Amino acid sequence: MSIDHVLMFRLTLYWNIKTVLFLLCPVWIIYEQVMIAALDCSRDDLAWTCLQELKRQFPGSQRVKRLAGMRLEALEKYEDASKQYDSILQDDPTNTAARKRKISILKAQGKSVEAIRELNEYLEQFVGDQEAWHELSELYINEHDYGKAAFCLEELMMTNPHNHLYCEQYAEVKYTQGGLENLELSRKYFAQALKLNNRNMRALFGLYMSASHIAASPKVNATVKKANVKYAAWATNQINRAYQVRYASSKRNEMDSTFQGDD
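Per UniProt numbering, numbering of the sequence shown is gapless, rising by one per residue and ending at 263.
Hints may contain errors.
[Unchecked claim] Between beta-carbon pairs, the in silico distance windows are: (1) 48 <-> 162: 41 to 47 Å; (2) 198 <-> 229: 19 to 25 Å; (3) 218 <-> 120: 35 to 41 Å; (4) 240 <-> 120: 43 to 49 Å; (5) 45 <-> 244: 26 to 32 Å; (6) 198 <-> 52: 45 to 51 Å; (7) 127 <-> 219: 33 to 39 Å; (8) 159 <-> 241: 31 to 37 Å; (9) 201 <-> 151: 23 to 29 Å; (10) 75 <-> 154: 36 to 42 Å; (11) 180 <-> 60: 58 to 64 Å.
[Claimed, not checked] Heads up, simulated DSBU-like pairs for lysine-lysine below, C-alpha to C-alpha not over 35 Å straight-line: (12) 107 <-> 83; (13) 148 <-> 111; (14) 188 <-> 219.
Keep in mind that the hints were calculated from the coordinates and are not lab data.
What you are looking at is a predicted structure, and each value in this text was computed from that prediction instead of being measured.
Quick reminder that beta carbons are idealized off the backbone N, C-alpha and C, glycines included.
Let the hints inform the model, and build the full structure from the sequences given.
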């Protein structure tokens, strides 16, 4: 939700918007979404207004308590926010949202090692949480532990094999690890990402880079070298074609706007 939506909501908040929105959708979901958007935009005044409305409507709600904790996070009152989440977990130890917020606090404080430990403990109980696996992979990448990052991405690809972004990110990790075996895996997964989404330019560049490095390796035979030169040439051709199409489209738009201006 953009800042324009946040400002629009603030203006209408004082016009008793509840009456109108109840006819269209649950108004309290709107309050929650606007509060989160306000926190993202550093609009604590609006976030506080929404939070107070939610507290009045749902006193004692764990969900509202979590929102209050998120506001404390936005104000960088991490200790108070952590206590808020501890209170939620004391009442409901299975509250995954509160546990994730505690991990986000560790990440915000730059405590990556502690965040990794907490995420691993969390995933022992909630192994199917794709968001947590992806977050853990990002933390491992930041720590340059690419082997463990690759493992996390492998878990994601097993649960969602049709997600081209997981294939692309896995390929990038293997490329970063280096070595002929990893480069070959990298090229294969960049190709798979392109098979799933042929408009993935990042995967296209990755295919070119990995194939070029394999072709330049003194460890490969002539057949492998020839094949990878072919892959790199194909990727180059596709990249050039994509930029030509984009350039032609931008020129068309520029001409259209010029003619409209003349009118």
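Checked hints:
1. 48 <-> 162: 41 to 47 Å: Holds: the Cβ-Cβ distance is about 42 Å, inside 41 to 47 Å.
2. 198 <-> 229: 19 to 25 Å: 21 Å, holds
3. 218 <-> 120: 35 to 41 Å: Hint holds: Cβ distance 40 Å, inside 35 to 41 Å.
4. 240 <-> 120: 43 to 49 Å: Given a distance of about 44 Å, which is inside 43 to 49 Å, the answer is holds.
5. 45 <-> 244: 26 to 32 Å: Cβ of residue 45 to Cβ of residue 244: about 49 Å, so the range 26 to 32 Å is violated.
6. 198 <-> 52: 45 to 51 Å: 50 Å, holds
7. 127 <-> 219: 33 to 39 Å: 38 Å, holds
8. 159 <-> 241: 31 to 37 Å: About 34 Å separates the Cβ atoms of residue 159 and residue 241, which means 31 to 37 Å holds.
9. 201 <-> 151: 23 to 29 Å: 27 Å, holds
10. 75 <-> 154: 36 to 42 Å: 38 Å, holds
11. 180 <-> 60: 58 to 64 Å: 60 Å, holds
12. 107 <-> 83: Judged against 35 Å, a Cα distance of about 16 Å means the pair holds.
13. 148 <-> 111: Status holds; Cα separation ~18 Å.
14. 188 <-> 219: Since the Cα atoms of residue 188 and residue 219 sit roughly 18 Å apart, the hinted pair holds (cutoff 35 Å).
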